[in-house]
Amino acid sequence: MSAKAIEMNGVRKAFRFFTLEDVSLDLEHGQIMGLVGPNGAGKSTTIRLLMGLLTADAGSIRLLGHDMPHSQAAAKADVGFVSDDMKLLPQATLAWHMDFVASIYPGWDAAYAAKLLKRFGLHAGQTAKSLSTGEQVKALLLLALARRPRLLVLDEPTSGLDPVARHELLTEFMDVLRDDSRSILFSSHNTLDVERISDRITFIDRGRVVASDNKEDFLERWRTLRLRLPDGAPDWQLPEIVHRDIEGPNVTLTIDGFSDDFLARLGAPIQEVHRMSLEEVFVATVMHSRQMQEARP
Amino acid sequence: MNLLTRKLIAKELYLYRWLLVGVTGAGLASLLPAASGEFGFNVGFLVWLTAIIALGVMLALFGVATERKERSLLFILSLPLSPGDYVRAKLLGLLACFVLPWAALSAGAVGLVLAMPGIADGLLPYTVLLCVFLLMNFSVVLCAVLHVSSEAGMGGVIVLTNMSVSLFMMGIGRIPELGAHMGKPEPVWNTAFWLLLAAELVIALVALALPLLIAARRRDVEKV
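Chains as they are written, first to last, in the numbering used here: chain A, 1 to 297; chain B, 298 to 521.
Just chain B, with the same shape it has in the complex (with noise of 0.2 Å):
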């Protein structure tokens, strides 16, 4: 990795640290709740939920969109830079930005689960799925907006990234294999799981890698 590839990953931190610092306080601060209770897990369950969603939201449309749209851009690719360096800087910036609060908050959201009494650790696996999905979503969002320059398709995107979530949390329940085990006092690492992440982390990898292979190769930089 080159110097200034470093210097814009360190270029999206510093733009996006509170950004990232609040989301991780309110998300961390929301598994309070959801030690409390049936209700106060829902209400902080779905606020740790909403933390992480939002994140890959603002990060996609302020760190790209917005970047575009306010002309940035054009002072960003002023730079010494090639359009493969800008992607592939942007791609590592941004998903560092979402990785780090993310894994704060997976991290928590697992050891609640482990921690707590009132909840089966037969959950494990399937908020391991969850937040694994979450990442891949993001993923999704980053590489949809690095190639998508309109905001309604942007807008689509995001719609369809955020309701794909519900589908993800109800559907996951509903696999024979994973929901008879979820309220089980031991997490079941079967194989129907193993397949469930191994299909998440190629989504996650493949939507990753396109913007190497098309965006950046982009006859015209300023589209990307």
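Chain A on its own, in the form it takes in the complex (with noise of 0.2 Å):
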């Protein structure tokens, strides 16, 4: 087995109106990794490259072990992948597209497939045009999961979903990972689902990972301080401090790499420390790189 289930180094895909640039990203086996950026930041492009439909400009990407999309045939015997904008050929019934799933892949469960239809609500004889958009990403879940992949690659796989069936999948996919060789890359723009489920978050933004660490250390890292200077905020030179925001004597400011340290050096009485949520360090990280980014000449 490979060290990593994905790699992807130094990757460049330029369009005419969009470039991904210098992406890299690395997910162990047994690891949920959640790809999470705004609408339009490269998540689909990405994960689109990591399957062997586009073909890098510049960088190198293995998947299982394997050099992409050289040997694409080979890595998805081995990989479960559903996106948001996939569907089922329509006139065929889900039953002939699980017969039909199950006479490729060895590894077809088909206690389990019966399981998650059952649990998913779907009905094996319903053509694939009669699905709700709910239904067509159950049911292509369903083939995913049935086959019992290594890695399981979803892009955006609860954006047609209703809240409930947004907490089955969630809790499928932990039950995938029950064995720890298993992994899952999923985007999506929903930090609650990502938050829930991932052990490493990669944001993407424009093109650009913008961060990327395991989820507990992101919230480890990231706070909001709350700080009253009734003689005016100092001009900090730290690092740390990703933005500012002064109402008169009330400063607040957003902190990546919070610690005692970090304290100290900023020498100033603290009124109150919050913990941020995933949601907050995302679109606090998203917008401070998008200022740096504008910053540069």
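The hints are simulated quantities; they were obtained by calculation from the structure and are not laboratory data. Mixed in with the good hints there might be a few duds.
[Claimed, not checked] Covered stretches of chain B (chain A as the covering partner; in silico rule of three or more C-beta atoms under 8 Å from a C-beta of chain A):
1) 298 to 305
2) 308 to 314
3) 393 to 405
A virtual CB, placed ideally from N, CA and C, is assigned to each residue, including glycine.
Two chains, two frames, a set of hints: combine them into the complex.
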């Protein structure tokens, strides 16, 4: 088994109006990575490059140890890929799709497929064109999960689902990871889903990876501090401060790299320290990254 | 041929089974009035010709363009196959879907010419050339839809290939080496016939090989 489920190094892909620039990602076996970014950030492009559907202009991609896109047939034998804009063959029934996929993947688990069919409230006799958007996603996930892949690559898998279905699905993902050799990469702009199940999180914006770390480290590093400074805020030159909001004597600082050492260097009385949600961390990271980009000559 | 390619070919035959049965049934049924006299022959021939042309157009549109447009292509591409595997399976699958009814309808047309006393057997070379032309025409349409992603481009190719059938039917009879023998009681298999047949087969083979050389080697598979 290769050392990592996913290895992307310095990947670049240019389109007419968008460029994915210098993307590097690593995912260890047995981990879930959430790829989070606003619409148009490059999440789907990254995933399509990873799956060999697009060819990078520069950089290298390895999927389960296979060079992509050259060895994509071998790599995809162990990958379950579902995208929110993927559809089943409209004229065929779900039963036909299950038989079709089962005949291709030796690891197909018919009992698990039957269980998922029931859990997702699907009917095998339904044609794909009669399925709602949410049912299409569930059916595609059933087909991907029941083949018991070593890696699940999911592009916005929960975007068309209601909260109950999303909950069921996320529970199912956790179930997949009971076998610690299996991994999941999933993209979303829903930070709640990502926060719930991910071990690692990568933020992507405007075609660049702006941050990538373990979820706990993200949540541990970021804080908002509230200070009351009647004499005005000093001009701190501390790299940890990514945003400052000053309203008279009330100062709010957003910090990336919170620590006792930082507090000592700040040298100001703190009224409140707040942990940030992943959504707040995501927004702060993206906004800071954009400011840095715009500040460059 | 690997397992997945065989499965994908079987998939095309399964998905379009009713289209194939319908077209074969309609085409063979059209041969019945064709045996009843000149008017019936004209009507029957028109239905027979329309059935084959429509089959080719529908297979190309549903099998390639609609699959791409309705995003089920992404599902197929998620399977363990390379771009080359996909293009090869798609070509072979849709070719099988076309060839089965085409072979039945072509055999029916040849049988009609041979069996009907009112139709000169000299028409046989023309019939064979027309049948192979329709196969060639489908190969060109299939090649085009695998390379052209715009609907306007595909529409243009379909219109042009349909027009080419009319031009072929008009033009072939004007070739003296062929036209002069069409009313004769015995078929004449001369050099002109064999050259035209070879040309049709070569064009069909080139049209079927091109996607394997170009579409299958595209850097971005989703555009296949």
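Results for each hint:
Check on the segment 298 to 305 of chain B: 3 of its residues sit with their Cβ under 8 Å from a Cβ of chain A, so the three-residue criterion for coverage holds. Coverage of the segment 308 to 314 of chain B by chain A holds. Counting CB-CB distances below 8 Å, 3 residues qualify, and the rule asks for three or more. With 0 residues having a Cβ less than 8 Å from any Cβ of chain A, the segment 393 to 405 of chain B misses the three-residue criterion, and the hint is violated.
In this structure, the one hint that does not hold is number 3.
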